[in-house]
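Please build the complex by placing chain U with the ligands on the supplied structure of chain A, with the hints as guidance.
Below are the chains, spelled out letter by letter.
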Amino acid sequence: MSTATRIAASRSTDQPLVLGLETSCDETGVGIVRGETLLVDAIASSVDEHARFGGVVPEVASRAHLEAMVPTIERATREAGVRLSDLDAIAVTSGPGLAGALMVGVAAAKSLAVALGVPLYGVNHLASHVAVDIVEHGPLPEPTLAMLVSGGHSSLLLVPDVTDDIQSLGSTIDDAAGEAFDKVARVLGLPFPGGPHIDRMAREGDRVAIDFPRGLTTGRDMERYRFDFSFSGLKTSVARWVQAREAAGEPVPVADVAASFQEAVTDVLTRKAVLACKEHGVMNLQIGGGVAANSRLRAMAQERCDAAGITLRVPRPGLCTDNGAMVASLGAQMVIKGRAPSDLALPADSSMPVTLVQA
Amino acid sequence: MSRVVLAIDTSTSVSVAVSAGADWAMGWSDDPRGHTESVAPLMRDQLASAGVSAADVTDVVVGNGPGPFTGLRVGIVSGLVFAHARGIPVHGMCSLDVLAQQALEHVREGEFLVATDARRKEVYWARYRVDPDRPEQDRAVRLTDPAVVRPADLPEEVRSLPTAGRGPVLYPELFPEPLAVLDVSAGVLTGLALQRLDAGVDLPVEPLYLRRPDALTTAERATP
Ligand SMILES: Nc1ncnc2c1ncn2[C@@H]1O[C@H](COP(=O)(O)OP(=O)(O)O)[C@@H](O)[C@H]1O
Ligand SMILES: [Mg+2]
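Protein sequence lines, in the order shown, are assigned to chains A and U.
Numbering follows numbering that gives the first Met the number 0, in which position 82 of the first sequence is assigned residue number 81; successive positions increment by one, without gaps.
Numbering follows numbering that gives the first Met the number 0, in which position 212 of the second sequence is assigned residue number 211; successive positions increment by one, without gaps.
Just so you know, the hints here were simulated from the structure itself, not pulled from any lab data.
Nothing false has been slipped in among the hints.
Label pairs and their in silico Cβ distance ranges:
| no. | chain 1 | residue 1 | chain 2 | residue 2 | range |
| --- | --- | --- | --- | --- | --- |
| 1 | U | Glu219 | A | Pro70 | 22 to 32 Å |
| 2 | U | Thr57 | A | Pro70 | 14 to 24 Å |
| 3 | A | Ala306 | U | Arg118 | 50 to 60 Å |
| 4 | U | Ser1 | A | Pro70 | 28 to 38 Å |
Chain U residues, not near chain A, derived (Cβ > 12 Å throughout):
| no. | residue |
| --- | --- |
| 5 | Ser1 |
| 6 | Gly20 |
| 7 | Val106 |
| 8 | Lys120 |
| 9 | Val129 |
| 10 | Arg133 |
| 11 | Arg138 |
| 12 | Arg141 |
| 13 | Ala151 |
| 14 | Leu160 |
| 15 | Pro161 |
| 16 | Arg165 |
| 17 | Pro177 |
| 18 | Ala179 |
| 19 | Val200 |
| 20 | Leu202 |
Glycine included, every Cβ here is placed at the ideal spot set by N, Cα and C.
Just chain A, same shape as in the assembly (with noise of 0.2 Å):
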């Protein structure tokens, strides 16, 4: 299964024409960018072979990656309009991500980059989340907050300046929200990745039928894990909860479940985020990552910024999951600060931490 979206190409020619490559995860991803016009985003994804292994299946994904690589890349430059050999700057996810899937894309940019005789530039999966807005809505506001949510993360970021300064105010300890979604989901029954399922079951649902706990809230938890989150309590309550009404063999209220594990997750959610832009004097909330996609998610953001009178700025659904848009849109903007590129020996780096943004 594939998409790609053509958009509207750039006439200027002083920007920088920057192609970026994802293969993180699952999803084989090549954007195009000039300057802060995104014209292509490419994406093969294997998602639908590692359904029926219930999860990603890493040798799954890395195999996947290299069968896609060459056919994203001209897939690309086609609906672009664009040849390789115009292309100012190569980008890339050097980490974090899984070990031999990003090993793919960081292989196979640099044999670009040598190929073309062009700059490399490794950058964070997690700095590419934020930066992608770029292309979205425009210069990123300095600072901005920027909350990133996805089947492998879940962080609160202070971002000055996403091409060298990202600080991290907190993160998951356990669970990312994206994969306590896939849980969940699996515990109802519902197929793999399960956030957009339990999205749509909600909608027919009570969100406050049950009142699932709300993970590193309250007391000595909010001086402790101020900005962090825990999910992996909230999953084994939904699941107990459920497991109580088989066992009693009453009929489980899929759509109910749905619907107020969702509500506990969003509420945990926008709570600290807005809160951490209040503490930090932030007027600007980024929200990206899959999770980003949720309709309770971007609702609730939206009235509790409103309400605070934070500007609230959340990419398009497709630019909030992995692609390559996002990378070429980091490396855009490291080309026009003037970054030095990245050595061409650049390893791929699994536990990237988030605060390096270039590799």
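For chain U with the ligands alone, coordinates are given in the frame of chain A:
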């Protein structure tokens, strides 16, 4: 017009060669974790040493493996992408065939094996015969398909043939006749590929994994 060939093999160590007629260069790295790091710098450096630019390259050749997956993919994707970016053909070659050709320095006749490290106490292997009637660059005829096996599961009369590759280094008691050839040479890969291309053989790029990914489907998990 003569070919300028960029050859890359990452099925054993990392080996990169550039040959431009009489000018050629070859470099390698044996850092087992360093495939991703070393391939591109080696490509850049061998191009420079051979005195050609990326735009001069006419053909790319990669080793299809078999070899440990992660490292193998790094070489193959590097070759595929380079060729695509330059708009030139890319060819693939079984890496065991390259080691077999390298082994001809030490075996003059008869049959022999190539056995390389497949990790998990297994080797990738194939059986070969020297054919003196064939061209010098391509004289080892493969008799069996590349396969992965526990060395002890090979019949003794097979294991005791002269054996190239790291199999005998890892399992000396099981492969008693080692040949002094350990890792794939991208230079020999180039010669073998050119020979076969000139003979009109099609050389598709196709990673030889020889093992399924380690994972059970949800259906398999339900029925052990
Ligand atoms: N509408 C949604 N509501 C909640 N979660 C969602 C929604 N859409 C996608 N997700 C979740 O987003 C995650 C995938 O996001 P992505 O950014 O591609 O993450 P990663 O690559 O880190 O897994 C999955 O866990 C998926 O369930
Ligand atoms: Mg992501």
